[in-house]
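Engineer: For reference, the chains in residue letters:
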Amino acid sequence: EAQVTQNPRYLITVTGKKLTVTCSQNMNHEYMSWYRQDPGLGLRQIYYSMNVEVTDKGDVPEGYKVSRKEKRNFPLILESPSPNQTSLYFCASSFGSSGANVLTFGAGSRLTVL
Amino acid sequence: AQSVTQLDSQVPVFEEAPVELRCNYSSSVSVYLFWYVQYPNQGLQLLLKYLSGSTLVKGINGFEAEFNKSQTSFHLRKPSVHISDTAEYFCAVSDTGAGNMLTFGGGTRLMVKP
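If you're matching them up, the sequences are chains A and B in order. Per my numbering, the very first residue in the first sequence carries number 1267; after that it's consecutive. Per my numbering, the very first residue in the second sequence carries number 4; after that it's consecutive.
A couple of the hints might just be wrong.
Claimed, not checked - Residues on chain B that point at chain A, a partial pick, calculated with CB under 10 angstroms:
| # | residue |
| --- | --- |
| 1 | Y39 |
| 2 | N44 |
| 3 | L47 |
| 4 | K52 |
Stated by the list, open to error - Non-contacting residues of chain A with respect to chain B, defined by C-beta distances greater than 12 angstroms in every case (computed):
| # | residue |
| --- | --- |
| 5 | E1336 |
| 6 | L1344 |
| 7 | R1376 |
Claimed, not checked - Restricting the straight-line Cα-Cα distance to at most 25 angstroms, the calculated cross-link-like pairs of lysine to any residue (SDA-like) are:
| # | chain 1 | residue 1 | chain 2 | residue 2 |
| --- | --- | --- | --- | --- |
| 8 | B | K81 | A | S1364 |
| 9 | B | K52 | A | N1294 |
| 10 | B | K52 | A | E1267 |
| 11 | A | K1323 | B | Q5 |
| 12 | B | K52 | A | K1331 |
| 13 | B | K61 | A | S1364 |
| 14 | A | K1323 | B | T8 |
| 15 | B | K61 | A | D1304 |
| 16 | A | K1337 | B | S76 |
| 17 | A | K1323 | B | G46 |
| 18 | B | K81 | B | S31 |
| 19 | B | K116 | A | P1305 |
| 20 | B | K52 | A | P1305 |
| 21 | B | K72 | A | N1367 |
| 22 | A | K1323 | B | D98 |
| 23 | B | K61 | A | A1366 |
| 24 | A | K1331 | B | T8 |
| 25 | B | K52 | A | N1367 |
| 26 | B | K52 | A | S1364 |
| 27 | A | K1323 | B | A4 |
| 28 | A | K1323 | B | T99 |
| 29 | B | K52 | A | Q1269 |
| 30 | A | K1323 | B | G100 |
| 31 | A | K1323 | B | Y28 |
| 32 | A | K1337 | B | Q48 |
| 33 | B | K52 | A | S1363 |
| 34 | A | K1323 | B | S83 |
| 35 | B | K52 | A | D1325 |
| 36 | B | K61 | A | K1331 |
| 37 | A | K1331 | A | D1304 |
| 38 | B | K52 | A | E1296 |
| 39 | B | K52 | A | A1373 |
| 40 | A | K1323 | B | K72 |
These aren't lab readings, by the way, just hints derived from the structure by calculation. C-beta: ideal position from N, C-alpha, C; glycine also.
Sequences and hints are given; from them, build the entire structure.
Structural biologist: What follows is the structure in structure tokens.
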């Protein structure tokens, strides 16, 4: 089944404890992206990648890092999480980077930072 | 830069009644338009998209949307809703240049009551 898989789905952590949210897609998509969803704000893009070893900042990149060493994986790293990073995170991918491409989303990762 | 405004954060409606979810956007360039749906505890999935051509677009589950360039709107409609349509709906826009940079609206929660 074609899908985007995120792990963990739920995580509670404490301020300053580094964590990684993994994202993997099995569709050979070139484009991958991370969003955070907050009530009333919709989804805001954190980082995106147009291909292996190519990443760029979205609208809200502060406090996050990403890497794209392999085509299928795009992990999101929080080096020193803070409570304002408590949110619902979505990874998404698409075949190409044109704005006409439809994104396939993962099921989401709910992160709570205490 | 683009922005998307979903005018209603919540829309309660009775089962079998018609519904319209409103979406307005602003952009200085040509855009592609999307509606995504998020069912409880799931990721987003595409409902419909407008890329070009006919301004009336039909999507899954009986939904349709009309692109109105002069009013910069892309309202979503369904003539008769079901309980299973209860979900959050997101309008999104991307420009027609390179780069899959989707800008989302804040979302509208559709609550269908029996």
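Engineer: Does each hint fit the structure? Answer for all of them.
Structural biologist: Checked hints:
1. Y39: holds, 8 angstroms
2. N44: Holds. Min distance 8 angstroms.
3. L47: Constraint on L47 (chain B) satisfied, holds at 5 angstroms.
4. K52: Holds. Min distance 7 angstroms.
5. E1336: For E1336 (chain A), whose nearest Cβ neighbour in chain B is about 20 angstroms away, the distance exceeds 12 angstroms, so it holds.
6. L1344: holds, 20 angstroms
7. R1376: For R1376 (chain A), whose nearest Cβ neighbour in chain B is about 9 angstroms away, the distance does not exceed 12 angstroms, so it is violated.
8. B:K81 <-> A:S1364: violated, 29 angstroms
9. B:K52 <-> A:N1294: Roughly 22 angstroms between the alpha carbons, so the hint for K52 (chain B) and N1294 (chain A) holds.
10. B:K52 <-> A:E1267: Answer holds: K52 (chain B) to E1267 (chain A) is near 23 angstroms, not above 25 angstroms.
11. A:K1323 <-> B:Q5: holds, 16 angstroms
12. B:K52 <-> A:K1331: Violated - the C-alpha atoms of K1331 (chain A) and K52 (chain B) are around 31 angstroms apart, more than 25 angstroms.
13. B:K61 <-> A:S1364: holds, 22 angstroms
14. A:K1323 <-> B:T8: Roughly 23 angstroms between the alpha carbons, so the hint for K1323 (chain A) and T8 (chain B) holds.
15. B:K61 <-> A:D1304: Between K61 (chain B) and D1304 (chain A) the Cα gap is close to 29 angstroms, so the pair fails against 25 angstroms, i.e. violated.
16. A:K1337 <-> B:S76: violated, 36 angstroms
17. A:K1323 <-> B:G46: holds, 22 angstroms
18. B:K81 <-> B:S31: violated, 30 angstroms
19. B:K116 <-> A:P1305: Roughly 22 angstroms separates the two Cα atoms, so the pair holds.
20. B:K52 <-> A:P1305: holds, 24 angstroms
21. B:K72 <-> A:N1367: holds, 21 angstroms
22. A:K1323 <-> B:D98: holds, 17 angstroms
23. B:K61 <-> A:A1366: Given pair K61 (chain B), A1366 (chain A) holds - Cα atoms ~16 angstroms apart, limit 25 angstroms.
24. A:K1331 <-> B:T8: Not satisfied, since the Cα-Cα distance of roughly 29 angstroms exceeds 25 angstroms.
25. B:K52 <-> A:N1367: holds, 10 angstroms
26. B:K52 <-> A:S1364: The hint holds at about 14 angstroms.
27. A:K1323 <-> B:A4: holds, 15 angstroms
28. A:K1323 <-> B:T99: holds, 19 angstroms
29. B:K52 <-> A:Q1269: holds, 20 angstroms
30. A:K1323 <-> B:G100: holds, 17 angstroms
31. A:K1323 <-> B:Y28: holds, 23 angstroms
32. A:K1337 <-> B:Q48: holds, 22 angstroms
33. B:K52 <-> A:S1363: Judged against 25 angstroms, a Cα distance of about 16 angstroms means the pair holds.
34. A:K1323 <-> B:S83: violated, 41 angstroms
35. B:K52 <-> A:D1325: holds, 23 angstroms
36. B:K61 <-> A:K1331: violated, 38 angstroms
37. A:K1331 <-> A:D1304: Holds. K1331 (chain A) to D1304 (chain A) sits at ~19 angstroms (cutoff 25 angstroms).
38. B:K52 <-> A:E1296: Roughly 21 angstroms between the alpha carbons, so the hint for K52 (chain B) and E1296 (chain A) holds.
39. B:K52 <-> A:A1373: holds, 21 angstroms
40. A:K1323 <-> B:K72: It is violated: about 30 angstroms lies between the C-alpha atoms, which goes past 25 angstroms.
Going through the hint list in order, the structure does not satisfy hints 7, 8, 12, 15, 16, 18, 24, 34, 36, 40.
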